[in-house]
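Novice: From first to last, the protein sequence lines stand for chains A and B. Per the working numbering, residue 1 is the first one in the first sequence, and the count goes up by one each step. Per the working numbering, residue 1 is the first one in the second sequence, and the count goes up by one each step.
It is worth saying that the hints were derived from the structure and are not from the lab. Treat the hints with care, since some could be wrong.
Derived lysine-lysine pairs resembling BS3-like cross-links, with alpha carbons at most 30 Å apart [to be verified]:
hint	chain 1	residue 1	chain 2	residue 2
1	B	Lys71	A	Lys18
2	A	Lys65	B	Lys42
3	B	Lys71	A	Lys57
4	B	Lys93	A	Lys69
5	A	Lys57	A	Lys71
6	A	Lys57	B	Lys58
None of the values given here were measured: they were computed from a predicted structure.
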Amino acid sequence: EAQVTQNPRYLITVTGKKLTVTCSQNMNHEYMSWYRQDPGLGLRQIYYSMNVEVTDKGDVPEGYKVSRKEKRNFPLILESPSPNQTSLYFCASSLVGAMNNQPQHFGDGTRLSIL
Amino acid sequence: QQQVKQSPQSLIVQKGGIPIINCAYENTAFDYFPWYQQFPGKGPALLIAIRPDVSEKKEGRFTISFNKSAKQFSLHIMDSQPGDSATYFCAAKPRGAGSYQLTFGKGTKLSVIP
């Protein structure tokens, strides 16, 4: 089954304790992206990657890191989490097509609570 | 600066009604406008999309209307059902090779009452 898998689905942790949210896709997609979803703010892009070893900032990158060492994986790293990073996070992937209109496939989300 | 403005924030309709969700944009470089549907506990999923060279697109009970001159587009759900209760996001993507970033509206929570 074609899917984007995020882990963990839920995490409660404390300020300053480094954490990583993993994202893996099995569709051989070149493009991957991380979003955060907050009430009343919709989906905001954190980082994206066009291919292996190619990453770039989205709209709200502060406090986050990413890496793309393999095509299928795109982990999100919070080196020193703070309470304002409490949010629902989504990973997404898509093909890179000539028409640029490939749909983005989303994971089911990771709910992070930073105390 | 919000580039895609979506309204209303929430919407309640009775079964069989026709909810309408509206979006407006400023950036004339946008050339692809998808709508995503999100159920609780799930990620958004592509519902329907339109390019600005057409004024309307239908897929089943879902219709996008597009007004290029007004820079507005809307989603209509015909004969709405309780199973359509979800959050809907409009989005926009700029034209250009290598441009894949979507800008999302803030979302509309739709409740369809039996």
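Novice: Take the hints in turn and mark each one as holding or not.
Specialist: The hints, checked one at a time:
Using a Cα cut-off of 30 Å, the hinted pair Lys71(B) and Lys18(A) is violated, with the two alpha carbons roughly 43 Å apart. Between Lys65(A) and Lys42(B) the CA atoms are separated by roughly 24 Å; this keeps the pair inside 30 Å, and the hint holds. Restraint check for Lys71(B) and Lys57(A): satisfied, since their Cα atoms lie roughly 27 Å apart, inside the 30 Å limit. Pair hint Lys93(B) plus Lys69(A) holds up; C-alpha atoms about 26 Å apart against a cutoff of 30 Å.
The hinted pair formed by Lys57(A) and Lys71(A) meets the criterion: a straight-line CA distance of about 18 Å does not exceed 30 Å. Distance hint between Lys57(A) and Lys58(B) is unfulfilled; the C-alpha atoms sit about 35 Å from each other, more than 30 Å.
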